[in-house]
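Quick note: the sequence shown uses this note's numbering, first residue 24, plus one each step.
By construction, these hints were calculated from the structure, which means they are not laboratory data. These figures come from a predicted structure and were not determined experimentally. It is possible that some hints are incorrect.
Calculated lysine-lysine pairs in the PhoX-like style (CA-CA distance at most 20 Å, straight line) [as the list claims (entries may be wrong)]: (1) Lys494 with Lys521; (2) Lys243 with Lys215; (3) Lys236 with Lys215; (4) Lys521 with Lys204; (5) Lys215 with Lys40; (6) Lys510 with Lys494; (7) Lys215 with Lys202; (8) Lys510 with Lys521; (9) Lys202 with Lys243; (10) Lys498 with Lys521; (11) Lys521 with Lys202.
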Amino acid sequence: MMKFEGARMGTYTASSKVWLTSSLQDNTDYLLNEFADCSDAVFRDLTFADNLQGVLVYFDGIVKTEELNNSVLQPLLLHYRELSSEQPDVKDMEERLITLSETSRVRTLEDLVDRVLEGNAVLLLDGFNEALVLHVAGATRRSVQEPQSEAVVRGPREGFVESIQTNVALVRLRIRSSKLKMVQYVIGEETKTTVMLAYMEGIAKPDVIDEVKRRLASIKIDGILESGYIEELIEDNPYSPFPQLRHSERPDTVASQLLEGKFAIFTEGTPFVLKGPTNLWQMIQANEDYYERYLIGTLLRILRYFLMTVALLLPSLYIATTTFHQDMLPTTLLQSIAAAREAIPFPALIEALIMEIAFEALREAGVRLPKTVGQAVSILGALVIGQAAVQAGIVSAPMVMIVSMTGIASFTIPHFNFAISVRMLRFPLMFLAGILGLFGIVAGIYLIGLHLVMLRSFGQPYLTGFAPYRKHESKDMVVRVPWWRMKLRPSTSQRSNKQRQEPDYQG
Numbered sequence: 024m025m026k027f028e029g030a031r032m033g034t035y036t037a038s039s040k041v042w043l044t045s046s047l048q049d050n051t052d053y054l055l056n057e058f059a060d061c062s063d064a065v066f067r068d069l070t071f072a073d074n075l076q077g078v079l080v081y082f083d084g085i086v087k088t089e090e091l092n093n094s095v096l097q098p099l100l101l102h103y104r105e106l107s108s109e110q111p112d113v114k115d116m117e118e119r120l121i122t123l124s125e126t127s128r129v130r131t132l133e134d135l136v137d138r139v140l141e142g143n144a145v146l147l148l149d150g151f152n153e154a155l156v157l158h159v160a161g162a163t164r165r166s167v168q169e170p171q172s173e174a175v176v177r178g179p180r181e182g183f184v185e186s187i188q189t190n191v192a193l194v195r196l197r198i199r200s201s202k203l204k205m206v207q208y209v210i211g212e213e214t215k216t217t218v219m220l221a222y223m224e225g226i227a228k229p230d231v232i233d234e235v236k237r238r239l240a241s242i243k244i245d246g247i248l249e250s251g252y253i254e255e256l257i258e259d260n261p262y263s264p265f266p267q268l269r270h271s272e273r274p275d276t277v278a279s280q281l282l283e284g285k286f287a288i289f290t291e292g293t294p295f296v297l298k299g300p301t302n303l304w305q306m307i308q309a310n311e312d313y314y315e316r317y318l319i320g321t322l323l324r325i326l327r328y329f330l331m332t333v334a335l336l337l338p339s340l341y342i343a344t345t346t347f348h349q350d351m352l353p354t355t356l357l358q359s360i361a362a363a364r365e366a367i368p369f370p371a372l373i374e375a376l377i378m379e380i381a382f383e384a385l386r387e388a389g390v391r392l393p394k395t396v397g398q399a400v401s402i403l404g405a406l407v408i409g410q411a412a413v414q415a416g417i418v419s420a421p422m423v424m425i426v427s428m429t430g431i432a433s434f435t436i437p438h439f440n441f442a443i444s445v446r447m448l449r450f451p452l453m454f455l456a457g458i459l460g461l462f463g464i465v466a467g468i469y470l471i472g473l474h475l476v477m478l479r480s481f482g483q484p485y486l487t488g489f490a491p492y493r494k495h496e497s498k499d500m501v502v503r504v505p506w507w508r509m510k511l512r513p514s515t516s517q518r519s520n521k522q523r524q525e526p527d528y529q530g
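Whenever a hint applies, use it, and build me the whole structure from the sequences.
Given below as structure tokens:
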């Protein structure tokens with residue numbers, strides 16, 4: 024594939040361009056100065072027929088040297104004489120000798136440096152004021168494997184990797200339509216990270232896509248090392264505890280979101296792809312909800328909603344009832360709790376904070392420790408510390424059980440970034456419960472609900488389907504209705520293309 028590339032728009036101004044000259048020495052000196060003290064930079068001198076001089080420049084370790092030898096060096100060195108009588112130029116060599124699938128040509132030294140840093144090789148020839156870019160990037164990368172953070176019992180086993188080309192291809196294999204558009208950006212003054220915006224033309228709302236493009240184009244930063252950088256830079260409300268973009272390392276999940284009118288943002292160097300706009304209900308949905316029959320998916324989804332409530336409110340309710348509202352508890356249960364807490368020197372709030380902080384510390388330690396021992400340390404540590412704390416009279420046995428149930432419930436939330444939000448909001452609710460009792464919990468829930476109603480994800484309400492209420496979207500909020508009942512796409516798609524399947528299909 025041949026294409027001519029000029030200077031990348033938005034990276035250099037017209038006055039800063041330095042054009043290639045016909046002097047090979049001048050061009051090489053410029054590159055030698057740019058790559059000074061770069062011991063992995065390779066400058067290979069070449070001599071073709073008729074004493075034509077050339078220099079091949081690339082970085083060792085990030086190019087496919089075997090492909091470079093077989094598709095570039097051998098054809099040029101062995102068969103260049105066949106073109107010599109015609110006074111060949113760079114274009115002739117590119118079209119008639121080089122057998123690479125993708126090449127391009129550049130005329131500015133800045134673009135030349137960028138292409139080398141991207142992992143390509145460049146060929147400079149004496150007497151020509153343009154250089155040939157050889158797309159042989161091939162740094163060692165992890166192969167496609169099963170996703171680690173989104174494991175499923177039933178569903179595809181392929182997961183994204185750190186190569187953006189591989190990730191885009193995995194989605195292309197699932198959506199074989201010319202409507203799937205990919206817009207490329209290069210973000211980061213120093214890292215020059217490749218970022219790809221994907222959306223379905225004719226399904227995604229044009230105003231949402233235009234807003235995403237505007238936000239991506241406005242990013243000015245020295246480097247992008249992970250998609251989390253972009254997430255923070257383009258979200259609507261950076262001070263909200265709730266994520267306004269989802270991330271996934273599953274190609275099937277990204278493909279399904281694109282078909283619903285959402286967009287996806289791929290970032291070079293990370294297997295996590297951003298998806299948006301999003302809402303609260305999608306944070307509770309898991310991949311298997313749509314791969315299993317709808318009755319099973321509905322049951323599991325209702326269970327997750329209940330456990331999310333437990334993870335958020337259970338410690339607060341325990342603190343409020345044992346501190347201010349003992350009359351709400353059955354007499355037998357109240358006597359049991361009172362007997363367990365008789366020797367505890369701390370109020371319920373301090374007791375809960377001690378156990379919650381200890382549990383969060385063990386969970387964080389389990390993540391940081393090696394995988395072979397991390398899980399064992401976190402589980403055994405919780406058991407040992409909990410038992411020791413009870414025997415020492417620091418916390419009561421009911422509090423250990425409450426914190427354990429809360430921790431287990433938080434693990435059932437499918438999306439890690441949303442689970443962290445729930446865990447974080449649990450602490451202010453505990454303080455409100457310890458100070459004001461049930462009134463404080465109600466006030467906290469009211470403030471959270473008010474924030475959720477006002478929250479937006481790329482202009483779309485965070486509680487869409489409920490506030491504002493949309494009947495066709497409520498079919499996939501708490502209850503997952505059969506596929507033959509979900510005939511329309513969500514509100515993130517264009518009004519002119521809402522139909523998902525034939526309207527008269529009855530299953």
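Proposed proximity, lysine 215 with lysine 243 (alpha carbon, max 20 Å): Since the Cα atoms of lysine 243 and lysine 215 sit roughly 11 Å apart, the hinted pair holds (cutoff 20 Å).
Hint consistency between lysine 494 and lysine 521 [alpha-carbon to alpha-carbon, up to 20 Å]: Judged against 20 Å, a Cα distance of about 14 Å means the pair holds.
Restraint status (C-alpha distance of lysine 202 to lysine 243 at most 20 Å): 30 Å, violated
Given hint lysine 521 paired with lysine 510 - CA-CA distance at most 20 Å: Distance ~8 Å between lysine 510 and lysine 521 Cα, so the pair holds.
Pair hint outcome, lysine 215 versus lysine 202 [Cα-Cα no greater than 20 Å]: 27 Å, violated
Proposed proximity, lysine 202 with lysine 521 (alpha carbon, max 20 Å): Answer holds: lysine 521 to lysine 202 is near 15 Å, not above 20 Å.
Pairwise hint evaluation, lysine 40 against lysine 215, where the allowed Cα distance is 20 Å at most: 17 Å, holds
Straight-line alpha-carbon gap lysine 498 to lysine 521, limit 20 Å: 15 Å, holds
Pairwise hint evaluation, lysine 215 against lysine 236, where the allowed Cα distance is 20 Å at most: 17 Å, holds
Pair hint lysine 510 and lysine 494, alpha-carbon separation not exceeding 20 Å: It holds: about 12 Å lies between the C-alpha atoms, which stays within 20 Å.
Satisfaction of hint between lysine 204 and lysine 521, Cα-Cα up to 20 Å: 19 Å, holds
The structure does not agree with the numbered hints 7, 9 stated previously, though it agrees with the rest.
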